[in-house]
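Novice: Take a look at the letters that make up each chain.
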Amino acid sequence: MGKAKVDIIHSRFVPLNMENVDTDQIIPARFLKATTRDGFGKNLFRDWRYESDDESKPKADFILNNNNFTGSILVAAKNFGCGSSREHAAWAIDDYGFRAVVSSFFADIFKNNALNNGLLPVTVSEEFLQKIFQQDSEATLTINLNEQKITIDATGETETFEINSYKKTCLLNGYDDIDYLLSSKEDILAFETTH
Amino acid sequence: MYSLSLLIGLEIDFMSKTLFEKIWAKHIVKTIEDGPSVLYIDTHFIHEVTSPQAFNGLNKRGIKVFRPKQTVATADHNVPTLNQHLPIKEELSRMQVEALIKNCAEHAVDLYGLGHPFQGIVHVIGPELGITQPGMTIVCGDSHTSTHGAFGAIAFGIGTSEVEMVLATQCLLQTKPKLMRINVEGALNKGVVSKDIVLYILSKISASGATGYAVEFAGSAIRSLSMEARMTICNMSIEMGGRCGLIAPDETTFNYIQGREFAPPDGDEWNKKMAAWKQLHTDSDAIFDKEYHFDAADIQPMITYGTNPGMGIGITENIPTTETINDTDRSGLSKSLAYMGLHQGEAIKGKKVDYVFIGSCTNSRIEDLRMVASFVQGKQKASDVEVWIVPGSKQVEKQAKEEGIDKIFEAAGFQLRQPGCSACLGMNEDKIPAGKYCISTSNRNFEGRQGAGARTLLASPLTAAAAAITGVVTDVRELLN
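Read top to bottom, the protein sequences are chains E and D.
Mapping of the first sequence onto the numbering used here: position 99 corresponds to residue 99, and the numbering continues sequentially without gaps.
Take any residue in the second sequence, note its place counting from 1, add 1000, and you have its number in the numbering used here.
Think of the hints as simulated: they come from the structure by calculation, not from any bench.
Hints should not be assumed to be uniformly reliable.
[To be verified] Once the Cα atoms are required to be at most 30 Å apart in a straight line, the calculated DSS-like pairs of lysine-lysine come out as:
{"no.": "1", "chain 1": "E", "residue 1": "LYS59", "chain 2": "E", "residue 2": "LYS131"}
{"no.": "2", "chain 1": "D", "residue 1": "LYS1273", "chain 2": "D", "residue 2": "LYS1352"}
{"no.": "3", "chain 1": "E", "residue 1": "LYS185", "chain 2": "D", "residue 2": "LYS1060"}
{"no.": "4", "chain 1": "D", "residue 1": "LYS1064", "chain 2": "D", "residue 2": "LYS1030"}
{"no.": "5", "chain 1": "E", "residue 1": "LYS131", "chain 2": "D", "residue 2": "LYS1335"}
{"no.": "6", "chain 1": "E", "residue 1": "LYS42", "chain 2": "D", "residue 2": "LYS1335"}
{"no.": "7", "chain 1": "E", "residue 1": "LYS168", "chain 2": "D", "residue 2": "LYS1290"}
{"no.": "8", "chain 1": "E", "residue 1": "LYS185", "chain 2": "D", "residue 2": "LYS1178"}
{"no.": "9", "chain 1": "D", "residue 1": "LYS1379", "chain 2": "D", "residue 2": "LYS1401"}
[Claimed, not checked] Using C-beta positions, here's what the derived DEER-type ranges look like:
{"no.": "10", "chain 1": "E", "residue 1": "SER125", "chain 2": "D", "residue 2": "LYS1026", "range": "33 to 39 Å"}
{"no.": "11", "chain 1": "D", "residue 1": "ASN1183", "chain 2": "E", "residue 2": "THR36", "range": "42 to 48 Å"}
{"no.": "12", "chain 1": "E", "residue 1": "ALA139", "chain 2": "D", "residue 2": "ALA1276", "range": "53 to 59 Å"}
{"no.": "13", "chain 1": "E", "residue 1": "GLU55", "chain 2": "D", "residue 2": "PRO1265", "range": "55 to 61 Å"}
{"no.": "14", "chain 1": "E", "residue 1": "THR142", "chain 2": "D", "residue 2": "LYS1352", "range": "50 to 56 Å"}
{"no.": "15", "chain 1": "E", "residue 1": "PHE69", "chain 2": "D", "residue 2": "LYS1060", "range": "35 to 41 Å"}
{"no.": "16", "chain 1": "E", "residue 1": "ASN68", "chain 2": "D", "residue 2": "TYR1292", "range": "39 to 45 Å"}
{"no.": "17", "chain 1": "E", "residue 1": "SER56", "chain 2": "D", "residue 2": "LYS1030", "range": "51 to 57 Å"}
{"no.": "18", "chain 1": "D", "residue 1": "ILE1032", "chain 2": "E", "residue 2": "PHE69", "range": "37 to 43 Å"}
{"no.": "19", "chain 1": "E", "residue 1": "ASN68", "chain 2": "D", "residue 2": "ASN1183", "range": "46 to 52 Å"}
{"no.": "20", "chain 1": "D", "residue 1": "HIS1343", "chain 2": "E", "residue 2": "SER183", "range": "56 to 62 Å"}
{"no.": "21", "chain 1": "E", "residue 1": "ALA139", "chain 2": "D", "residue 2": "LEU1082", "range": "50 to 56 Å"}
{"no.": "22", "chain 1": "E", "residue 1": "GLU186", "chain 2": "D", "residue 2": "LYS1026", "range": "18 to 24 Å"}
The C-beta atom is built at its ideal place from N, Cα and C for all residues, glycine as well.
Looking at chain E on its own, in the form it has when it is part of the complex (with noise of 0.2 Å):
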């Protein structure tokens, strides 16, 4: 089961300054009840969204209700997706349209799911975040995941990013971990033999 694949994105982008953003603020537990991947974009940052949980009052002050901010790339502040193990995280902002996160620093878990589900977590320097952060809302950025770099445009500045090449073959390729692991029966068998 192949995954969508990823090379250069190119878009605008939604700026989350805020740091320790957690899987329980991505997607609360009261929504993880689903037996399916679908729907999840709907709840994402549910409780930031949202007064009282209700769709019709929308917060003004939160970023993704503010009609300004746009795009396929969620640009958020250090230690982003910590806690929880939930996938429904990366499940949530890729349904709700995101195909990459950008932050600093990205908590272990978070990061696995989202390589696991095609969506590309880029890490930063913190310097290049802040630059990311001072940008207008109709400022664009390019990711190209076969060069490792992602660029403002506005400015032509550019960082290169940190990507094991495993993990980026796949990417590029659409091909998940799982089918790897079921083409190494032949290695894991072996080693049940010894262990």
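Chain E is fixed; fit chain D onto it per the hints.
Specialist: The following block gives chain D in isolation, referenced to the frame of chain E:
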């Protein structure tokens, strides 16, 4: 630290290793060049919330669980903690629990579901059944899987795609984390328990201080702890961002395991295991990427004031101000305090509490309940506080009743409920109302964690019990003889 390759091709390895490295090395099936390793998983725990999509994935591929005997299931997150004999009222919760029953039956996975004498919070039942053992690799679609590391195992939380990988192949693709050791030396002060140790460490290194690391807890203060207390510490290693937390196994560990339901049987099998388990320690000159040293004497009963578990203070301290707080939490302080309805620089002691929740995979074991019972015996809860005690498992519940602990709680006005994750995560029926303060023995004080708008103060079972009696945040030492 060097290795010597002899001409005959025999490699003699003189390298000193950490506990983590010893276990890791024994579970590598193969390593992809410039990429992750295929890591073999000994034991996989699953529950109703993060497994259904994984089983759907297997079914779509038309494959069965590869090693069903190495996966153990229970229902915990989404279960009610009252009237468990009745059908679950909420339809989506019921469907999720029913999906688990169906999936386990179809794939021959053992399920300790509602009504089973082994049912309970996944991180409570694994250890108490003797399934969790030293030297294992253990995963579960739940971040608090780090709990099992208290036995000297590599145990970590995974996402649902990874649950599917383990079901399909008993393996994961993993990159080796960096290594950290946190040493706590010395004797604990009166009224200070393991929850205070871990909240103290969190307050020093922050909620992201261990991200990217496997964390070994060591030192005389850690070694002096019971298994239950060690589990509390490893449980919250994820709150520091740690990939996992672990403690070297010792006599305390072996004594805890021996005789449990799924422990190796006494005799040859037990002796063989023991011989292997005794090798599981960090060599004296092994190197860590990062190391911290703390003095147990500096730790007092702790409580959190903010909206991440790193935002904690000693019970007699004042809430930090933007000037006094450490860098990592400065930007979030105002937002956190606005949510909490608290103010910079004020004392936390004496703050009114509405709910007391003693439970969760952090603090719901028999030792936690005994600690609370021995403290509250002969005392009465404050009239305007609601107190929920939620045992971690059916076995804990049974034992509490056998020991008469239930009667002590009843006399104090505490409500002893049935096993489950309960008010830790605002998912099942047990939620804290918006704006209310809950002193909680759970692990996360995130906004809305215990219910939309709920305000969580994390503390030890003793500190929580003290607040239950007085109705306000209390220094438990003032109530101890």
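Novice: Are there hints from earlier that the structure breaks, and if so, what are their numbers?
Specialist: 2
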